[in-house]
Every structure is written in structure tokens, then in C-alpha cells.
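Chemist: Start from the sequences and build out the full structure, keeping to the hints where you can.
2 protein chains.
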Amino acid sequence: MKIVIIGGVAAGAKAAAKTKRLLPDSEVDIYTADTNVSYSTCGLPFYIEGVFEDYRKLIVRPKSEFEKSGVNIHLEHCVTKIIPDKKKIEVKKLKTNEIFTVNYDKLVIATGAGPVTKGFEHVIDKKNFYTLRTLEDGVAIRNKMREINHITLIGGGYINIELLEAFVKNGKNVTLIERSPFIMPILDEEISAIVQNYILENSNKQVKILNEDSVEKFIGEENVTGILTQKGVGFETDMVVLSIGVKPVVDIAEDAGIEIGSTGAIKVNSRMETSIQDIYACGDCAEKVHIISNTPVWIPLGSTANKEGRTAAMNLCGDNKDFEGVLGSAITRYLGLNISKTGLTEREARRLGYDTVSTVITKKDKAGYMPEVENITLKLIADMRSHRILGAQAIGCGDADKKIDSISVGLANHLEVKDLLDIDLTYAPPFSASVDILHSAARIIQSKIKN
Amino acid sequence: MKIVIIGGVAAGAKAAAKTKRLLPDSEVDIYTADTNVSYSTCGLPFYIEGVFEDYRKLIVRPKSEFEKSGVNIHLEHCVTKIIPDKKKIEVKKLKTNEIFTVNYDKLVIATGAGPVTKGFEHVIDKKNFYTLRTLEDGVAIRNKMREINHITLIGGGYINIELLEAFVKNGKNVTLIERSPFIMPILDEEISAIVQNYILENSNKQVKILNEDSVEKFIGEENVTGILTQKGVGFETDMVVLSIGVKPVVDIAEDAGIEIGSTGAIKVNSRMETSIQDIYACGDCAEKVHIISNTPVWIPLGSTANKEGRTAAMNLCGDNKDFEGVLGSAITRYLGLNISKTGLTEREARRLGYDTVSTVITKKDKAGYMPEVENITLKLIADMRSHRILGAQAIGCGDADKKIDSISVGLANHLEVKDLLDIDLTYAPPFSASVDILHSAARIIQSKIKN
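Protein chains in written order, with numbering that gives the first Met the number 0: chain G, 0 to 450; chain Z, 0 to 450.
These are calculated hints, taken from the structure and not from any lab test. All figures in this text were calculated on a predicted structure; none of them were measured in a lab. One or more hints might be untrue.
No copy is singled out in the list; a pair is fine if it fits within one copy or between any two copies.
[Unchecked claim] Below, simulated EDC-like cross-link-like pairs (lysine to aspartate or glutamate); rule was C-alpha separation at most 20 Å, straight line:
#	residue 1	residue 2
1	Lys449	Asp321
2	Lys246	Glu215
3	Lys365	Glu188
4	Lys365	Asp53
5	Lys365	Glu52
6	Lys87	Glu272
7	Lys19	Asp104
8	Lys320	Glu415
9	Lys207	Glu220
10	Lys363	Asp136
11	Lys62	Asp237
12	Lys417	Asp321
Modeler: Spelled out as C-alpha cells, the structure:
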């Protein structure tokens, strides 16, 4: 059996490794336009910051190890076409522009996601204008950042928050431009507002945030040297990083007639099968199901890519494995502030028609007399009709991540408000409060439901 | 309405405060032999260590605040008898030995637990022999510890592990005597063994542990000056702390004809009602139901006491509130090693007749390239027949507590192995690994179930 995998960062690399383990006699080939396989893009901001010096630490499994196990890796090979009728792909070797075709018995599409650049086509090639996707992008941003003083970040989502921390820790001045009233618009607004205030108060005046604004004009020739915003703010800058969102890379799949879902990503079933037989899709290029709303969503994350790659491999090898979907769990941090969510935000839930009930509370995460005590602010959201928990957001210097992971495990099992009222969480003074913030929030929601 | 509460540490204090909030016009009285109310006994080891200087930091709600809210506190008043027929209690004022009776409409028994001292009656009154239960015990142990060099701890459970850390950090030498093959016998043996090795390797040679041994003879008159063990080990010591277990304080309840459960604690239903009308019991003196096994258990913990006190108050005030039970979640730490469990141990599960399947794995808790990465060792236990998760134990310098709390929320909702295979936990390099130890452990168990 000949298995061909397009893309080799997270889902593709996982699918290849797992397939070779399950079917050692199969032929497994990865084709990728990239110069590396199997690396952690999520770690790039920390490499850029200087948390570690060698970017190769981000490589999960080196090419040589794949090859030793019998997986063939074709770097700098761009797949230009899928021909399902003939069970073939067309490949272009980037170094020589040579084009050839490759047969497959099973095909895995793991083409990932790329940065949204719409509206920035005219500046994308300027010398000091960056997006962050590959290891090479990371190395380039890190090297440039060290030479200069002022950076402009366009977009205020996860990636740019992590880059902001990296730049601030390196003593840089940063202007961040975000269309929404607050950064981190993936959270509900009252939570985003706290995050933004924390950033402004804890960044030693190195950070300026321009909200509800966007770039009107870039100044400069080879380099961007200045920016003028729609609201009329003008400033000089030495470097720009654009991160206003990502989009699934689906062009060759779409051209081949593979069904694209309503989210713009490749439609797959729970076995990661596309609409065409023997073709699987997984990772950032594939659509997912949201476990709470049971609706199609596109939430591209490395941890999900891993699971989907594994699921695709198991199924194409003859096993029977379902991937149930995602909860939208996500986390980041900014200079000590942990920022975490799972499930639906209240805004998302209302848009989907839920009659929501929610509370936002702040509480100590440990016994008040312990020196390591910190605050957490938690927003808990439930459905007034079913009493089911729909989602939660937690931020704070305390263990916000711990609370959100607890809720996540519950959410996979139809967690209801009543389940949290007296939940037996571990308690000892260095770890938690005897009345946990989850208890308190659930009790407030319970009383709102009753009245 | 006149509500009388016997005991005022955790459950009693909570029941009083909640009752007064729900029924502001009621008369609420706490009677306790103690010299304080509403304090955190769980915090005593940290006070003893010197994490903070003023023991009053352990007071959750001062007496004056209770009184301001209208709750009457009667310190150093020992309740000697309950007379259900007459709806009366008999009270002895300890300072004067005066005896009087008090009427009640509703009675709450929150008499807590006391240290097991069986077999030590002849030494319990020696000057340097201690047990730890009240604030006064804590103050006495702290003061004595500072004057001397060598301490003997009898018993290797939670309290003594925390005291061990306190003493080691204060530069003391400690000999710990434990009947079991390893300390922390509440955990499965392979996990206890790791904990014991960690303690021995990380305590700067200040700690000796004598396993499968017990005291044969105490030497000394006014003070214990030396110990001879059954195995023939002899050593000098300056101070002894006994902590071989606790037992529910049920004597006056039993005398009154209130039903005692099979565990030796007061039998209650999910509304915290005892077998006699208008008498409730809650906290460490009351029996609990284990949510996994649905059997009566006695697991005395401050966090549970809080919830039960609240439940008793709500029901006696006319509300309708059930307390579903406990999971046996517990946590402690020793010099950076977090030690945590929830649900049944494999030993407990087998004793209850489950056909268990389990795995023990060690994994990094965060991305390997992050400087804060640490290991966790996780034992996950499931039922071969129902595939339900029965319990978990996690230890390590990493976020063991986070893993166990996640499992706890799942356990309250009949978590199965399949629910963990692809669970959408929050992932970012400073917080977690993209393939979490929960995923890895569940996958191993899943493959054991299949084969």
C-alpha cells in the first residue's frame, strides 16, 4: 500500500509516523513545500523571545528519524494538483521546477493554514514586513527584531499577544493595531477589556494599543518606515508583523472537487474522510465539529492537528476511530497573566440561539495565607433551558489554566451547572481554595436559573 | 426558629453563617469546646513551618463577625448530651463546670474528627508528645519545634508529610515511623514508593523513614527521650507527633440513638439528615457516599465539610439541596513534589470487585523547550467491563494537581476512557504538551481494553 501525505508540520507528520507504525510494510511519503517537517509552530514566539537559542528545539521529530523509520520526506516539493480519478498527485520540485506525478492508494491532505493577507498584498513583500507561519519566518522575525527598536503588530489575537510579550521582554516599543474595541476579540468583551488593561499597565510604557482602528497607509519604499491609521494616528516604525487571522489552505483540494465546508475548510467526517474516497484531510486545513453546538467550525490548533493526524492514520490503516470534535479550548499568557477559554463564548452562544445565563467573578486561587496566592477572574456561561455549561473563560495570574482544563473535561460529557455545585476538587492550601471559584460561579448561575 | 450547632470549625461555621443568611430572623447558636471557631486546620502545617507568623491568619471568619451577623458563639462549652425527645442538648461550661440545657428546633452536629490515639494512651500526656487538631496544637508544635533538634513522626499520611516538610525546612532531623511498606499508603504502592524515594533523596539527609515498623517502647519520664521500635531500632528524640489517622467524633450522637454508619461516622442522607428528625450532621463527623463506588465512605476533608455545612443549612431552612458525595480527591506536596489523587485507587477498586485495568506513565507537563517544564507521573485506573474511569493518581514537580482536577470533574459525570482519548485540553507551550499525559494514558488503557 502506498500512502501519500501532503504537508508535514503537525497533522501530516503525525499521520505519517502513525501509519508507518501500524503498517510497517506500507510505503509512506510526505510531500511539502516547506524546508522542515514536524515542528512546533506554537513555540515560535518563545524562540523569538529568546527563551531558547536554537530553533531546532522546535523540531518534534527530525527528518532523519522519519527516514530511519522508513517514511520518505520530500522537502521543497509543492503539490500542485490532486487527480482523484487516476489516484495521482502532481508535484513540482521547487529547486528545479521539475514537474512529475506520484501514485497513491490513500492520500492525506494536511496542507495546514496560512496567514490572511487580504488588503496587504501591496506591502507583503517589503523587507521589514512579516507574517509568522514557518520556522524560517520565526528566524527572520527574531533576527530583525534584535536590530531595531519599534515594531508594529497588526491584529490582537493569540499570536500577536505572544509576539508582544517577546518584543516587550526584549526592550522593544510596540504599537498594536486592532479593529475591535479590545484585543483578544476571541473572548467576551468584558474579559478582553481586563486583558487589555493588564497589558497596558504591565508593559513599562513600551506598548501602545490602537483599538477600532486599522492601517490607512504604509509609508516607505523598500521598507515600511511609517504608518498612518484610519483614525489619523501617524507613527514611525522599524518593522511590521501582520497577524489578523489565518485561513485554511484548500486550493488544490477544491480544484480536485473535494467538498469544502461552510467554514471554508475541507469537509471531513469523524473518520477524517473527505467527500472523495481514499482521500483524508486533517489538521488546520480540515473543518471540525464543535462538541457543544454540534455545528461545523474551523478552529486551527496544533493539539487538534495531532489528534486528527492520528485519527486519519488509524482509519486509513483499517482501524475504526472517530474524532469527536473540538471544544474551542485555547490558552496564552502575557507577562504572568494567564488567558484561557473553552467552549462557546457568550457572544457565540447567543448567535447560535442559546438563552444564556452567565457570571463573572474574581477569587483567590489558593488559601489566602499562602504566599503563592493569586487572583483568577472566571466567566462561566450556561444554557438557561438545559442548564448545560456552554463555556468558560478564565484569566489571571493564578491557575486559570487549571480551571479551564477541568471545565473542558466536563464539557466533553455534557457538564451541567448542578455538577459543579459541590464538585470534589483537590484541596490543600498551596493548591486551591476550600471553596473553589468553580463552586462559587456555579452557585451564582444556579441561583440565577432558579429566579 | 432556634437552630443549635455543635462544633464550629468548618462545617459548623459554614452551617451557621448560611442559616443566618437564609433565615435572618432565626436564632443561631454555636456550642464548641474549642477556644476558636471557623479556622483552617489544613493550614496548620504551613503556620508551623513559618510560611506566615500569625496563626490568626488561619481564621476564616472571626468570632466578632459571626456575632455581628447575629450568630451566637459559645466557646469552651462542651455539649455532653443530645436529648432528641425533648429537643434539648445538655451543655457543660468548661471554665466553671456549670451544666445547663438548651432547646432547639433544628440541631446540626458538626463535631468533627479527632486523632486516633489507640495504643498511645500511656504517652499521650507526656510534655513533648503531640497530636495536631486545633489551633492551639499548632501553636504548641511550632513553639516546641523551634527549641529542639530531633522529631519523631508516627504515621506517614498527609498531615505528617506536610509536617515533615515544615520540620525539614526548619533544619530539623526527623525519623518517621510508618507501618506500611511505604509512606502515603492512601496511594497505590508503586506511586507511594516514588514519593518515598523523592523524600529520601531531596531532604538533605535530615529524614529517616522506618517502614513496616512501629513503636515498641517509649523511653523517658516527663518527656519522651528515646524510642525503641519493634524491629529493634533505637534512637533518641526531642519531640513526638502522632498522626496515624483520625476518627469521627460521634459519642454524643451515638448515645442519643442516632444511627452510626458502617464506617463509624454518623449516617446521613443526601440532605445531611440523620436518622432522627430535625437533627442534621455534616463535616468530619458524618459519613459520605463515594460517587464512583456508590458505597458509604468516611473521607474527612475541609473542602467537603464546607459543602456539607452549606447543604445542611439550606435544607434545614426549607430549601431542597442534595449533596451527591465525594470522589476522594486529595492533594499535598513535599518540597516541590505535588502528590494528588481522585477516585478509587486500584487497591480499593479491586477490593470492591472491579476488574481493573491501569497504566502508570511519566511525561513532561509542558513543551520540552520551555524552561518551566517538569515531569508528571500519572496512574490512570479504569473498569475493564464498563470502561469507566475509576480513579487517578498524579505525582511530580509538574502540574499534577491540574491533571487530577480535570479527571475529578469528569468523574462526577461518569467519565469513560474514550472521553479522554481526544479531549480538547488547552494547549500552549508554557502550559501543556500538545499530546497531554491524559491523552497518552487513556490511549494505553484503550489498547489494553481492546486486547
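Chemist: State for each hint whether it applies.
Modeler: Going through the hints against the structure:
1. Lys449 - Asp321: between (38 Å within a copy, 15 Å between copies)
2. Lys246 - Glu215: neither (23 Å within a copy, 73 Å between copies)
3. Lys365 - Glu188: neither (27 Å within a copy, 29 Å between copies)
4. Lys365 - Asp53: Between copies only: 18 Å across, 37 Å inside.
5. Lys365 - Glu52: The answer is between: 18 Å across copies meets 20 Å, while 35 Å in one copy does not.
6. Lys87 - Glu272: within (17 Å within a copy, 72 Å between copies)
7. Lys19 - Asp104: within (14 Å within a copy, 73 Å between copies)
8. Lys320 - Glu415: between (27 Å within a copy, 16 Å between copies)
9. Lys207 - Glu220: neither (25 Å within a copy, 73 Å between copies)
10. Lys363 - Asp136: Classified as neither: same-chain Cα gap 40 Å, cross-chain 27 Å, threshold 20 Å.
11. Lys62 - Asp237: neither (36 Å within a copy, 62 Å between copies)
12. Lys417 - Asp321: between (29 Å within a copy, 10 Å between copies)
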